[in-house]
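Engineer: Sequence:
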Amino acid sequence: MNPNWEESLNHFERMIDSGTESMRIKAVIKLSKLSNQAPEYIPSQTIPILSNLIADDSSNNSSPLQGLVVHCLKCIARQGDDGRLATEIGQSGALCSILRLLPQSNASVQKICLKCIWCLVNFCNENRLIVAMNGGLEIIVNMLSSSMDGVRRYLLEILSALSLVRVVRRGLVSLGGLRFLVEAARVGNMLSRERACQAIGLLGITRRVRRMLVDLGVIDVLMELLRVGDGALKVVAGNTLGVILANIDYIDLVAQSGAIPLFAELIQGSESVGQEIAEDAFCLLAVGEANAVVIAEHLVRILREGNAESKAAAANVFWDLSGYKHTVPVIRNSGAIPLLVELLSSQSNEVRETVSGAIAQLSYSQADREALNESGAVPLLLDLLHGDSEELKDNAAEALINFFDDTLQHETISQVVDHPSFRSMQNRLGRIQGASDNQTVSSMRQMNIDQAEPTRGIYRRSSFGLIEASMQTCSMTIFLKVLPIRCSFGILIFFFLITPFKLYFDTLTCPWYISKCLTYKT
Numbered sequence: 001m002n003p004n005w006e007e008s009l010n011h012f013e014r015m016i017d018s019g020t021e022s023m024r025i026k027a028v029i030k031l032s033k034l035s036n037q038a039p040e041y042i043p044s045q046t047i048p049i050l051s052n053l054i055a056d057d058s059s060n061n062s063s064p065l066q067g068l069v070v071h072c073l074k075c076i077a078r079q080g081d082d083g084r085l086a087t088e089i090g091q092s093g094a095l096c097s098i099l100r101l102l103p104q105s106n107a108s109v110q111k112i113c114l115k116c117i118w119c120l121v122n123f124c125n126e127n128r129l130i131v132a133m134n135g136g137l138e139i140i141v142n143m144l145s146s147s148m149d150g151v152r153r154y155l156l157e158i159l160s161a162l163s164l165v166r167v168v169r170r171g172l173v174s175l176g177g178l179r180f181l182v183e184a185a186r187v188g189n190m191l192s193r194e195r196a197c198q199a200i201g202l203l204g205i206t207r208r209v210r211r212m213l214v215d216l217g218v219i220d221v222l223m224e225l226l227r228v229g230d231g232a233l234k235v236v237a238g239n240t241l242g243v244i245l246a247n248i249d250y251i252d253l254v255a256q257s258g259a260i261p262l263f264a265e266l267i268q269g270s271e272s273v274g275q276e277i278a279e280d281a282f283c284l285l286a287v288g289e290a291n292a293v294v295i296a297e298h299l300v301r302i303l304r305e306g307n308a309e310s311k312a313a314a315a316n317v318f319w320d321l322s323g324y325k326h327t328v329p330v331i332r333n334s335g336a337i338p339l340l341v342e343l344l345s346s347q348s349n350e351v352r353e354t355v356s357g358a359i360a361q362l363s364y365s366q367a368d369r370e371a372l373n374e375s376g377a378v379p380l381l382l383d384l385l386h387g388d389s390e391e392l393k394d395n396a397a398e399a400l401i402n403f404f405d406d407t408l409q410h411e412t413i414s415q416v417v418d419h420p421s422f423r424s425m426q427n428r429l430g431r432i433q434g435a436s437d438n439q440t441v442s443s444m445r446q447m448n449i450d451q452a453e454p455t456r457g458i459y460r461r462s463s464f465g466l467i468e469a470s471m472q473t474c475s476m477t478i479f480l481k482v483l484p485i486r487c488s489f490g491i492l493i494f495f496f497l498i499t500p501f502k503l504y505f506d507t508l509t510c511p512w513y514i515s516k517c518l519t520y521k522t
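Sequential numbering of the sequence shown, starting at 1, is according to the UniProt record's numbering.
These are computed hints drawn from the structure, not numbers from a lab. Heads up, a few of these hints could be off.
[Said to hold, decoys possible] Per label pair, the in silico range of CB-to-CB distance:
# : residue 1 : residue 2 : range
1 : Gln104    : Leu175    : 15 to 25 Å
2 : Arg170    : Asp82     : 24 to 34 Å
3 : Asp215    : Ser18     : 52 to 62 Å
Model, not experiment: these values are computed from the prediction. Just so it is clear, CB atoms sit at the ideal spot from N, CA and C, and this is done for glycine as well.
Model the full structure from these sequences, guided by the hints.
Structural biologist: Next comes the structure, spelled out in structure tokens:
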């Protein structure tokens with residue numbers, strides 16, 4: 001038989017208002033037990049009463065009622081699917097009272113308080129800000145510094161939830177709490193570790209903090225998350241690892257930790273964002289020639305065995321890597337060219353677009369043109385000129401222009417010199433070359449942002465997760481080329497190519513960060 005909820009509520013109010021200490025305790029215990037059975041409006045009406053009760057009693061550290069009221073609030077906060085009751089508790093002032101009570105209480109009450117805070121910050125975003133603005137971060141960091149083993153996991157998971165608030169991330173650095181955030185990414189439930197990982201990525205944008213995180217062992221933590229995490233966590237971990245890769249000093253550390261095979265798995269995953277992040281990471285890791293060789297091996301395997309999406313992503317990386325002087329022979333020696341040519345006949349339009357773009361880039365090298373010709377690329381490129389896709393026609397035309405300038409292929413290509421796409425591409429290249437004051441344009445993908453036409457055939461959506469500027473020293477002149485590309489790691493990275501043999505890059509702090517926004521379920 002269902003209780004009369006209105007009558008029960010009135011009885012509770014009378015007991016709290018005029019009952020003895022013992023009667024109050026019994027009323028609170030009963031409410032805790034029935035909170036998951038009552039309609040939501042009943043516990044909602046008790047929140048102000050409980051909030052006042054704990055505020056009035058917060059100075060009395062010996063009262064057994066304190067822990068019972070906090071426990072009751074925790075039970076109420078867990079009800080409902082939308083976190084509405086947790087929000088009401090935070091707005092009632094109860095959360096601030098619990099924060100004041102926390103450092104003064106004995107161990108058993110502290111554990112109850114932390115469980116309640118854990119619920120409140122996990123079920124309601126607004127409560128995280130309330131905790132942060134009322135000294136909660138300092139309390140959590142101080143308790144973690146005291147090595148409280150019995151409640152450490154609660155503390156770390158509270159910290160990971162709080163770290164999604166910007167003011168908390170700023171405070172963590174000044175309070176010396178970064179080590180606890182790295183620890184939170186290492187232990188706890190997967191949602192908590194994911195939040196900590198995301199916060200690490202946001203903090204790691206600045207060079208100083210990135211160095212501190214690496215010194216705290218964050219690379220090993222992120223590698224573990226890439227291995228054991230679910231799909232969403234792997235995406236966040238990969239993105240954060242990409243932020244670490246922004247510093248050239250850490251590229252070898254990340255590669256030696258075994259990141260390349262894990263990023264290859266990400267490319268073969270079902271998450272399109274994960275594929276983009278892996279593409280970005282490969283482009284950064286490939287700065288090292290030894291890394292580029294290993295990356296090419298994994299990409300070749302994907303071109304052979306992967307599905308259409310992963311093949312397109314692999315071809316996208318080859319497209320990017322073919323712009324590095326030191327990786328052009330790596331691509332050729334990897335056996336990728338015959339596979340790329342074969343994929344020009346793919347049924348997937350996305351695959352054909354990325355593959356044709358990679359081939360267009362490779363066609364600037366004479367040795368690669370020979371390999372492309374031997375693999376039968378020219379007839380397939382000629383066929384693409386007659387297709388419906390403008391990007392395919394532009395990519396094919398760019399490649400065929402390079403073959404046309406080669407005396408060995410000039411006669412074969414001469415049959416299409418009057419094709420509109422071929423002529424259009426020739427004219428664009430001519431305008432770019434004329435406007436660059438005799439600067440050598442090695443690829444359509446490396447032209448100046450001010451000179452380029454906003455055409456997808458030229459400005460494709462690159463997998464490079466950064467904005468790149470290449471600076472080449474020719475005699476005493478420095479030419480600046482800017483490639484406008486999507487910012488996946490949320491950073492600005494400048495590549496300085498001082499000589500053909502040495503590559504440098506530095507990092508600027510971006511005024512904004514494109515974080516991978518995820519919907520968390522608790």
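Engineer: Each of the hints needs a verdict: does it hold here or not?
Structural biologist: Here is what the structure says about each hint:
1. Hint check: Gln104 to Leu175, Cβ distance near 20 Å, so the stated range 15 to 25 Å holds.
2. The beta-carbon spacing between Arg170 and Asp82, approximately 30 Å, falls within the hinted interval of 24 to 34 Å.
3. With their beta carbons about 60 Å apart, Asp215 and Ser18 fall inside the hinted range of 52 to 62 Å.
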